[in-house]
Amino acid sequence: MTIAPRISVTKTRDGVDIAYYGIGRGAPLVYLPWGIVSHVAQEWQHREQRHWLKRIASKRRVIRFDHRGTGLSDRRAPFTVQGGVVDIDAVAGAEGLQRFALFGQLHSSVPAMLYASQFPQRVSHLVLWCGFADYGEFLESSPPLQAARAAADKDWDTYTELIAQQATGWTDGTHARKLAAYFREGATGEHYLRCIDHFQKIDITAKLLELTMPVLVLQPREAAFPTLEVGKRLAAAIPGARLVVLEGANLLPFFGHVDAVAALLDQFLVDADTKQRPEGLTEREVEILERLAGGFSNQGIARELSISTRTVERHIGNLYLKIGVHNRAQATAYAIRKGLVSGIDTRSIS
Numbered sequence: 002m003t004i005a006p007r008i009s010v011t012k013t014r015d016g017v018d019i020a021y022y023g024i025g026r027g028a029p030l031v032y033l034p035w036g037i038v039s040h041v042a043q044e045w046q047h048r049e050q051r052h053w054l055k056r057i058a059s060k061r062r063v064i065r066f067d068h069r070g071t072g073l074s075d076r077r078a079p080f081t082v083q084g085g086v087v088d089i090d091a092v093a094g095a096e097g098l099q100r101f102a103l104f105g106q107l108h109s110s111v112p113a114m115l116y117a118s119q120f121p122q123r124v125s126h127l128v129l130w131c132g133f134a135d136y137g138e139f140l141e142s143s144p145p146l147q148a149a150r151a152a153a154d155k156d157w158d159t160y161t162e163l164i165a166q167q168a169t170g171w172t173d174g175t176h177a178r179k180l181a182a183y184f185r186e187g188a189t190g191e192h193y194l195r196c197i198d199h200f201q202k203i204d205i206t207a208k209l210l211e212l213t214m215p216v217l218v219l220q221p222r223e224a225a226f227p228t229l230e231v232g233k234r235l236a237a238a239i240p241g242a243r244l245v246v247l248e249g250a251n252l253l254p255f256f257g258h259v260d261a262v263a264a265l266l267d268q269f270l271v272d273a274d275t276k277q278r279p280e281g282l283t284e285r286e287v288e289i290l291e292r293l294a295g296g297f298s299n300q301g302i303a304r305e306l307s308i309s310t311r312t313v314e315r316h317i318g319n320l321y322l323k324i325g326v327h328n329r330a331q332a333t334a335y336a337i338r339k340g341l342v343s344g345i346d347t348r349s350i351s
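The opening position of the sequence shown corresponds to residue 2 in the working numbering, with each subsequent residue numbered one higher.
You can trust all of the hints, since none of them are fake.
The calculated lysine-lysine pairs, modelled on DSS-like cross-linking and capped at a C-alpha distance of 30 Å, are:
{"#": "1", "residue 1": "K60", "residue 2": "K233"}
{"#": "2", "residue 1": "K179", "residue 2": "K60"}
{"#": "3", "residue 1": "K55", "residue 2": "K179"}
{"#": "4", "residue 1": "K208", "residue 2": "K233"}
{"#": "5", "residue 1": "K339", "residue 2": "K60"}
{"#": "6", "residue 1": "K12", "residue 2": "K60"}
{"#": "7", "residue 1": "K323", "residue 2": "K60"}
{"#": "8", "residue 1": "K155", "residue 2": "K179"}
{"#": "9", "residue 1": "K12", "residue 2": "K208"}
{"#": "10", "residue 1": "K208", "residue 2": "K339"}
{"#": "11", "residue 1": "K12", "residue 2": "K55"}
{"#": "12", "residue 1": "K202", "residue 2": "K155"}
{"#": "13", "residue 1": "K233", "residue 2": "K202"}
{"#": "14", "residue 1": "K12", "residue 2": "K202"}
{"#": "15", "residue 1": "K233", "residue 2": "K339"}
{"#": "16", "residue 1": "K323", "residue 2": "K339"}
Think of the hints as simulated: they come from the structure by calculation, not from any bench.
Model the full structure from these sequences, guided by the hints.
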């Protein structure tokens, strides 16, 4: 039996215990659950999920967690979209992350987008796998999903079998049965039904215009849900988003063409990072420029990034030379032109 990574627990600001782990080294990627059911220990016992997680962690640090109400996190706490935002914030804080990429999938794409809209200065890149912004549109677009949803009201086991078959594209009964068992380990039917009742009211379409970081939308062409049209509309509503349509019906990034999808992810993070760091700026220089443009003093930047004021001054001098400016006002104007500052977090300004 494969041993799972060491699992830690952090507490959210509203007092909920969230289970998480981190693997790999490098730039951080906070990887949200597939949908609203997950189990950070059980997933490591599944060869396909394990292979996928190891692959994407080969070039970066991947942080995985169970949302409230599911897996090893507090099962008593009901999931809400805003609660999901709080969960992301707690895990990022526990890992000491100042800026990170965020990967949301299906239902978890909603708290991912909401977090990115509320904390744009913290999210360097946003990846959405089978994402949607309007649950009503998502459900109405897919008769197979509606049929499975009806089964959930009657029998949780039957629902998990149906949803697992749809998720794997009806191509592999063995994988589907393992996935259904994973769903049942991750949450109860009551949890799922509460989540769906909550999602009935969710439409964050208006928030999409606030996503100013690079966004990659990944959508299987033949997916039962969300449909390709939903994926296209989502990408079109996000400024500058890149849509990649993948062949096949598989709803899971860890089944099928793992290496091809991981390569897409690798390339997007490299390309987007290059665009976000013009003029040869380092990642640290971008972090400092963002905060400088947001109104932070040198002392405030030093506290925010846990570095010395002298180090901040040195970085500012270097970035001034690189971007050809002479003062904070000019640097701020440059940051705005380049889209490097999209919001001000006044909590730390001083």
